[in-house]
Amino acid sequence: MDGMSLLTITVLAVFVGFEVVSKVSSTLHTPLMSGANAIHGIILVGAIIVAGQATDGWVLAVALLAVVLATANLVGGFVVTDRMLHMFHGKKEVARTAAKADNK
Amino acid sequence: MNILDPVWTSLLYLVAAVFFILALRGLSSPRTARRGNLIGALGALIGVITVFLSMRLDNIPWILGSIAVGTVVAAPVARGVKMTQMPQLVAAFNGVGGGAAALVALLELSHSEDPWVRLAIVFTLLVGAVSFAGSGVTFAKLQELMTTRPVVFPGLPVVMAAVLLAAVGAAVAIVLTGSLVLAVLLMLLGLVAGVLLVLPVGGADVPIVISLLNAFTGLAVAASGIVLGNVLLVVAGTLVGASGTILTRAMAAAMGRSVAGILFGAFKGGSTAGSTAVSERPVRSSSPEDVAVLLGYAQRVIIVPGYGLAVAQGQHTAAELATALEARGIEVDFAIHPVAGRMPGHMNVLLAEANVPYESLKEMGEINSEFRTADVALVVGANDVVNPAAKTSSGSPIYGMPILEVADARQVIFLKRSMRPGFAGIENELLYEPQTSLLFGDAKDSLAKVLGAVKAL
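Protein chains in written order, with this note's numbering: chain A, 25 to 128; chain B, 3 to 459.
Just to be clear, a hint being listed does not mean it is correct.
Pulled from the structure, derived: some chain B residues nowhere near chain A, Cβ distances all over 12 Å [said to hold, decoys possible]: (1) R151; (2) L241; (3) F266; (4) E333; (5) E355; (6) P390; (7) D410.
Quick look at which bits of chain A chain B covers, simulated, 3 or more residues with Cβ under 8 Å [to be verified]: (8) 48-58; (9) 70-83; (10) 92-105.
Keep in mind the hints are simulated off the structure, nothing from the lab. Heads up, the beta-carbon is just placed ideally off N, CA and C, and yes, glycines get one too.
Chain A on its own, in the form it takes in the complex (with noise of 0.2 Å):
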């Protein structure tokens, strides 16, 4: 793709950035700080494509270690995340999860 397109894509993205988490509440500045942690961690695609092109075996080696990192960051940031999240409970839900442990 050329620098022209790549560029216009990076400034649209910046906008669409801001414009997503422009009123975030307090209470989510954790796991949207995580969240958006996990998500860089897609460095991992790039990390895939140096490592796949490796000829050397030191140019290998880095790359590989740069695919444990970026798996790394990935995987922990989404299950992380999800687990913070879990842990959100509405009155409704929060009864019901009484009853139920009531009830065992």
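Got chain A; can you put chain B on it based on the hints?
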């Protein structure tokens, strides 16, 4: 494998990018947050599968093995981490992401002739390395492997300026020559810069720096997308860079600080005011039974939870106490400071874990006017977020931070481990006020004793 032709590859990357946008959108509202996160994970999965199907890749067994290693290391840690230790885990995951981006850029240097691509490479190298090292220091601070106070030494600004100048010099030389040796040097300079950037940041400001470094990693990923000509990386990285910037500013605003003030405030000196010295002034201390009587015969109680509650894993006991008081017809709310815990929004997560319904979790702006009508404000392991010094003492490191106005309540009870000052390292005048009494001990123990005494009333 060239299973997908380029059009399908581009379309699938577009779908993944849209999923990331939907994920961020979902994450900004409590109702849709969990689904948003899952959509993001699905987007990532689509992206990773697409890269395997779209081009000829060698070393596939090695790559799959490395992905397995990364998963096996990260997933159990993410599953098992205590919710109180989550901020440092987020910092760690952010750091490794930045490190991965820097390594990818380093390896692409030998394939690049275009000066613009080389410029993107030096940017990724530097920013990725800063993010990696900076996140390492925030991790060490939050894990209390090192002091949480600002670390400043004479000449720090000079050293920082020298490192940045050298980095700019190396960057220019790399763009001109494509030298791999200089690229490694630039990465090392980035690591030093990352450490120097975060060392002077103290205490409660650390989470904001995590958010800032998160945005940095996003930008590094976007730049590596330009290097590789991969649109998904460009879009995902830019989204995180932009949303992370907004989030950083929102967090800083919740503490009444500017981002520049947080990063460079300690350089100016004087902001490390406050001491760990324990004051000799007398305070009123109470027994759990006294506290139970105060609570049990109140009409309105506001509980103010803080990091001490989180460390003691006392959130379940606090929730039980609230239920027991509500059973006596008392109106109970939790007042949540935006930075209660160790990270903005952290306390909401902890209390949600204890099944406190989110209707009972009141944010600062909502609850501050209600302290006037409260019979008792029960402060559990919080200190800085209720410290009036934030309003009155201009030399204080927390000056300007909005606080919970617990001083307006008729009675204030502090559950504290000791008279040691809180995270910010400053004394709290409120402890010596006549309407204040203290119950010393571990937050969970104290709450359990108070709970027992309330039930026995």
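Legend entry - Closest CB of chain A to the CB of E355(B) still more than 12 Å away: violated, 4 Å
Inset, instruction - Decide, holds or violated, for the assertion that all CB atoms of chain A are farther than 12 Å from the CB of R151(B). - result: holds, 23 Å
Legend entry - Non-interface claim for L241(B) versus chain A (Cβ beyond 12 Å): violated, 4 Å
Inset, instruction - Check, residue by residue, whether the stretch 70-83 of chain A contains three or more positions whose beta-carbon lies closer than 8 Å to a beta-carbon of chain B, and give the verdict. - result: holds (count 11)
Inset, instruction - Examine the stretch 48-58 of chain A for residues whose CB is less than 8 Å from any CB of chain B, and state whether their number is three or more. - result: holds (count 11)
Inset, instruction - Check whether three or more residues of the stretch 92-105 of chain A sit with their beta carbon closer than 8 Å to a beta carbon of chain B. - result: holds (count 14)
Inset, instruction - Grab the minimum beta-carbon distance between F266(B) and chain A and tell me whether it stays above 12 Å. - result: holds, 22 Å
Legend entry - Nearest-CB test (12 Å) between chain A and D410(B): Holds, since 21 Å exceeds 12 Å.
Legend entry - E333(B) non-interfacial with respect to chain A [C-beta, more than 12 Å]: holds, 15 Å
Legend entry - Interface-negative label, P390(B) against chain A, beta-carbon threshold 12 Å: holds, 21 Å
Checked against the numbered hints above, the structure violates hints 2, 5; every other hint is satisfied.
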